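Once you have looked at the hints, place chains B, C and D on chain A.
4 protein chains.
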Amino acid sequence: MEKQVIAEIKVVPLGTASTSVSHYVARCLDIAKQAKDVEHQLTAMGTILQGPLERVLELAQEMHQVPFTLGVKRVLTTINIDDRRDKPATMESKVSAVNKHVAH
Amino acid sequence: MEKQVIAEIKVVPLGTASTSVSHYVARCLDIAKQAKDVEHQLTAMGTILQGPLERVLELAQEMHQVPFTLGVKRVLTTINIDDRRDKPATMESKVSAVNKHVAH
Amino acid sequence: MEKQVIAEIKVVPLGTASTSVSHYVARCLDIAKQAKDVEHQLTAMGTILQGPLERVLELAQEMHQVPFTLGVKRVLTTINIDDRRDKPATMESKVSAVNKHVAH
Amino acid sequence: MEKQVIAEIKVVPLGTASTSVSHYVARCLDIAKQAKDVEHQLTAMGTILQGPLERVLELAQEMHQVPFTLGVKRVLTTINIDDRRDKPATMESKVSAVNKHVAH
Chain A
1 MEKQVIAEIK VVPLGTASTS VSHYVARCLD IAKQAKDVEH QLTAMGTILQ GPLERVLELA
61 QEMHQVPFTL GVKRVLTTIN IDDRRDKPAT MESKVSAVNK HVAH
Chain B
1 MEKQVIAEIK VVPLGTASTS VSHYVARCLD IAKQAKDVEH QLTAMGTILQ GPLERVLELA
61 QEMHQVPFTL GVKRVLTTIN IDDRRDKPAT MESKVSAVNK HVAH
Chain C
1 MEKQVIAEIK VVPLGTASTS VSHYVARCLD IAKQAKDVEH QLTAMGTILQ GPLERVLELA
61 QEMHQVPFTL GVKRVLTTIN IDDRRDKPAT MESKVSAVNK HVAH
Chain D
1 MEKQVIAEIK VVPLGTASTS VSHYVARCLD IAKQAKDVEH QLTAMGTILQ GPLERVLELA
61 QEMHQVPFTL GVKRVLTTIN IDDRRDKPAT MESKVSAVNK HVAH
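Protein chains in written order, with my numbering: chain A, 1 to 104; chain B, 1 to 104; chain C, 1 to 104; chain D, 1 to 104.
Chain A on its own, in the form it takes in the complex (with noise of 0.2 Å):
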């Protein structure tokens, strides 16, 4: 398997009218459904990734652009990336690593 990294994509457009931005996000989910290759998860806090740093760094890019197509004039986007060499990691294997050591 290529390494693989995880990542959070935050897609903020700035100078709607509206204070409701579901559906630039919706459309940056969109790209994120369609790509095979790479793993996500939608958050109350941002989109989660999992692929390869190459691909999930395109995808973010193409994320990115989703507001100026639907006529947004500034964009600010977070990318937050984990990049673990030493051994695997998944988006459940994180949290169910944290979940072992949580006091029952």
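What the hints contain is simulated information worked out from the structure, not anything from laboratory work.
Misleading hints may appear alongside valid ones.
Where chains are identical, the list cannot tell them apart; a pair therefore holds if satisfied intra-copy or between any two copies.
Unchecked claim - Using 20 Å as the maximum straight-line C-alpha spacing, the simulated SDA-like pairs for lysine to any residue come out as follows:
(1) LYS3 to ASN99
(2) LYS36 to LEU70
(3) LYS73 to LEU53
(4) LYS73 to HIS23
(5) LYS87 to ALA17
(6) LYS73 to MET91
(7) LYS73 to SER20
(8) LYS73 to ALA17
Only a predicted model underlies this, so the values are computations on that prediction, with no experimental measurement involved.
Okay, now just chains B, C and D, sitting in the frame of chain A:
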């Protein structure tokens, strides 16, 4: 209901010999779990909290202290706050608002 | 000297008709300027504060409120804290520590 | 002039024995310095780049690789992009736009 924010907290210990930080995150998660007035969700990229702004910042500060109590000498903490005051928002409502717009 | 942290604060108003947010940032900067016990530096990507953790979080919370007092209905605020307790660190010492290692 | 973005890059190595990361940051800064088509500024909280989006992301990816080439096994990298397309923006113009609004 008091006004609520949604926030993501990431606590990163530096100068630990190991690349694994899950046991630190688990102790941070304990703090979120013990706060009965704040909802929480653990993701692969952080802990999402939902509650009054003051409380969320209090908990974030407690979570930030965790690695120091375990001997760490430097901690990087990121707090991302989404504070919407025109209508109620929850972790669930934000995700479902996006999903409503996603192509099926 | 009380222990100090270095933190970066970004306050982003959503649902403003204009793409320009500099007047909101200016009011946030006023708060930093009035805090005589906290150092500040404005950069192109946020406001860096240096001071005791409690004070920095108090100021961050005040800065977060600014756009609401100006009529904004949704604000995204990011607080990045660098808290080093093995030796004193300042905004200047961090930059000069890097420059000392840079190839000339 | 080609469209430019302003972006902040933070590269954080995990599992280093030392709390000091300035020599890693210095090698990242070397990459920014060698890119003649991209402006850069080192701050206490990251490296700000200004240039075409594609180039900035290329450099961010190179900077992300730096700690791995120095033996680190896990790297957290954050890329914050501010992409404004209604009018030109530079690191300097953003700061001076804020200062113009600040109370004297």
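Hint check results:
For the homomeric pair LYS3 and ASN99, neither the shortest alpha-carbon distance inside one copy (24 Å) nor that between copies (30 Å) is at most 20 Å. In this assembly of identical chains, the alpha carbons of LYS36 and LEU70 never lie at most 20 Å apart, being 24 Å within a copy and 33 Å across copies at closest. In this homomeric assembly, LYS73 and LEU53 come within 20 Å of each other (Cα to Cα) only across copies, at 15 Å, whereas the closest approach inside a single copy is 28 Å. Within a single copy, LYS73 and HIS23 get their C-alpha atoms as close as 16 Å, and across copies as close as 18 Å, so both meet the 20 Å cut-off.
For a Cα distance limit of 20 Å, the shortest separation of LYS87 from ALA17 across copies, 15 Å, qualifies, whereas the shortest one inside one copy, 45 Å, does not. For the homomeric pair LYS73 and MET91, the shortest alpha-carbon distance between copies (18 Å) is at most 20 Å, but the shortest distance inside one copy (33 Å) is not. Both within a single protomer and between protomers do LYS73 and SER20 lie at most 20 Å apart by alpha-carbon distance, with minima of 16 Å and 10 Å respectively. For a Cα distance limit of 20 Å, the shortest separation of LYS73 from ALA17 qualifies both inside one copy, at 12 Å, and across copies, at 11 Å.
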